[in-house]
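Undergrad: Here's the letter readout for the chains.
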Amino acid sequence: MLSYQFNDSVFSPFVAGDLGIRLNFYMDVFGGGSSTEALIGIAIGVIEAGMCKTVVIFRSMNGFSQVRIGGTGVRSAVPVAGDMMHSRAYGWQSAGQMFAPTFMRHMHDFGTTAEQVAHVRVAHSHHASNNPKAYYKTRVTAEEVVNSRMICKPLHLLDCCVETDNANAIIVTTAERAKDLKHPLVRIRGVVGRCSKPRVDMHYQTGPISTVAGHYARDILWPNSGVSPEDVDLTGSYDAFTFTTMLQLEDYGFCRKGEGGHYVSDGTIMLGGKRPNNTSGGHLCEGYTHGIAMVIENVRQLRTMRTILARSGPTANGSTATIIARAVAAR
Amino acid sequence: MPLPREDVDATTPKFLRDKYAIVGVGETAYMRGSDKSTRALASIAVRNAMVDAG
Numbered sequence: 001m002l003s004y005q006f007n008d009s010v011f012s013p014f015v016a017g018d019l020g021i022r023l024n025f026y027m028d029v030f031g032g033g034s035s036t037e038a039l040i041g042i043a044i045g046v047i048e049a050g051m052c053k054t055v056v057i058f059r060s061m062n063g064f065s066q067v068r069i070g071g072t073g074v075r076s077a078v079p080v081a082g083d084m085m086h087s088r089a090y091g092w093q094s095a096g097q098m099f100a101p102t103f104m105r106h107m108h109d110f111g112t113t114a115e116q117v118a119h120v121r122v123a124h125s126h127h128a129s130n131n132p133k134a135y136y137k138t139r140v141t142a143e144e145v146v147n148s149r150m151i152c153k154p155l156h157l158l159d160c161c162v163e164t165d166n167a168n169a170i171i172v173t174t175a176e177r178a179k180d181l182k183h184p185l186v187r188i189r190g191v192v193g194r195c196s197k198p199r200v201d202m203h204y205q206t207g208p209i210s211t212v213a214g215h216y217a218r219d220i221l222w223p224n225s226g227v228s229p230e231d232v233d234l235t236g237s238y239d240a241f242t243f244t245t246m247l248q249l250e251d252y253g254f255c256r257k258g259e260g261g262h263y264v265s266d267g268t269i270m271l272g273g274k275r276p277n278n279t280s281g282g283h284l285c286e287g288y289t290h291g292i293a294m295v296i297e298n299v300r301q302l303r304t305m306r307t308i309l310a311r312s313g314p315t316a317n318g319s320t321a322t323i324i325a326r327a328v329a330a331r
Numbered sequence: 001m002p003l004p005r006e007d008v009d010a011t012t013p014k015f016l017r018d019k020y021a022i023v024g025v026g027e028t029a030y031m032r033g034s035d036k037s038t039r040a041l042a043s044i045a046v047r048n049a050m051v052d053a054g
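Taken in order, these protein sequences are the chains called A and B. First residue of the first sequence: 1, per my numbering; consecutive thereafter. First residue of the second sequence: 1, per my numbering; consecutive thereafter.
These are calculated hints, taken from the structure and not from any lab test. Heads up, a few of these hints could be off.
Said to hold, decoys possible - Rough simulated footprint, nothing fancy, chain B against chain A, three-plus residues with beta-carbon under 8 Å:
(1) 100-109
(2) 124-137
(3) 294-302
Stated by the list, open to error - Distance ranges between label pairs, derived from CB positions:
(4) B:S37 x A:E259: 43 to 49 Å
(5) A:M104 x B:K19: 41 to 47 Å
(6) A:N147 x B:K14: 49 to 55 Å
(7) B:R32 x A:M51: 36 to 42 Å
(8) A:P13 x B:G54: 41 to 47 Å
Note that the Cβ used here is the ideal one computed from N, Cα and C, for glycine as well.
I would like the entire structure built from these sequences, with the hints used as guidance.
TA: As structure tokens, this is what we get:
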């Protein structure tokens with residue numbers, strides 16, 4: 001059993017005990033959005049090493065009622081120490097503030113507009129409107145996004161994800177062992193996890209700052225999986241913000257660098273478009289899970305479609321994770 | 001600070017491709033105010049994933 005958390009959750013042995021499971025392997029790691037695929041890679045590794053046969057990975061968080069993003073609630077009592085001594089000097093307390101210079105630079109260098117990027121929220125809200133599980137099911141327009149109140153330039157309220165309470169889990173085992181199970185097989189083609197930028201502490205020291213770690217991770221991901229962006233029919237991206245989705249899709253090569261604003265606003269990422277993104281509504285609308293819900297959604301899509309999916313997620317400090325899974329009879 | 005080389009091949013052995021699968025997925029509801037501990041939420045999600053896997 002594997003899990004990830006920010007000192008805001010439960011450890012594997014307790015969950016296993018409650019479920020009456022004795023574990024041959026467990027590990028709980030520190031981290032957020034870059035963790036899911038990193039743990040999928042670790043799960044493959046420990047099974048390959050003969051340490052266990054099947055691994056469940058979970059993320060459990062009361063992200064609204066207990067530990068919220070930023071400096072409210074539990075976090076308001078955390079003393080400023082360590083790396084925060086540096087980041088607080090710039091007013092950086094939460095991911096939005098730390099990411100803002102990256103987003104602003106992208107707008108400056110490539111002429112990306114807030115209206116273009118707002119279409120990420122438009123697309124995901126349309127997808128969420130079909131999802132009974134989604135916390136926000138209401139469809140929004142780009143105009144509503146850019147007219148919502150400014151949180152941290154260039155991020156409006158609707159450019160930011162929803163904070164929710166939830167837990168999610170996925171189970172990894174060998175394809176051989178999975179043959180007898182009831183669902184169509186969803187195979188793992190390749191994985192890259194926690195691939196970092198040259199620096200992950202002060203990543204602004206290594207330009208161009210509008211680059212995210214997918215720029216590096218793609219050189220592991222695509223060779224591992226044996227496919228290219230053009231083979232991918234559907235994507236899942238870490239939409240902590242509308243902008244992070246645009247940057248990931250760009251740096252993983254779904255469009256050329258600098259063309260992300262056009263890519264996310266021309267209908268490509270909408271259901272019915274060439275390559276829909278976050279068909280559940282994602283973190284912007286369904287709920288915030290630190291990335292694992294995108295993998296769950298992609299697995300569900302693969303069980304019913306012959307298609308190839310990708311999921312990616314950079315965090316504020318630049319580390320990144322991606323997985324590609326594919327159905328049995330995929331083309 | 002010298003930058004790391006960009007031509008390092010960190011890709012996986014080809015025999016691992018398609019050898020592993022995701023066989024179960026589970027969730028709780030997405031909510032504000034769960035009134036449950038993360039321990040209880042995790043148990044529900046993991047159990048749902050096991051049921052899903054069969």
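Undergrad: Take the hints in turn and mark each one as holding or not.
TA: Status of each hint after checking the structure:
1. 100-109: violated (count 0)
2. 124-137: holds (count 3)
3. 294-302: holds (count 4)
4. B:S37 x A:E259: 43 to 49 Å: Distance hint for S37 (chain B), E259 (chain A) holds at roughly 45 Å.
5. A:M104 x B:K19: 41 to 47 Å: 43 Å, holds
6. A:N147 x B:K14: 49 to 55 Å: At roughly 51 Å between Cβ atoms, K14 (chain B) and N147 (chain A) fall inside 49 to 55 Å, so the hint holds.
7. B:R32 x A:M51: 36 to 42 Å: 38 Å, holds
8. A:P13 x B:G54: 41 to 47 Å: Because 25 Å falls outside the window, the suggested range is violated.
Comparing the model with each earlier hint shows violations of hints 1, 8; every other hint is respected.
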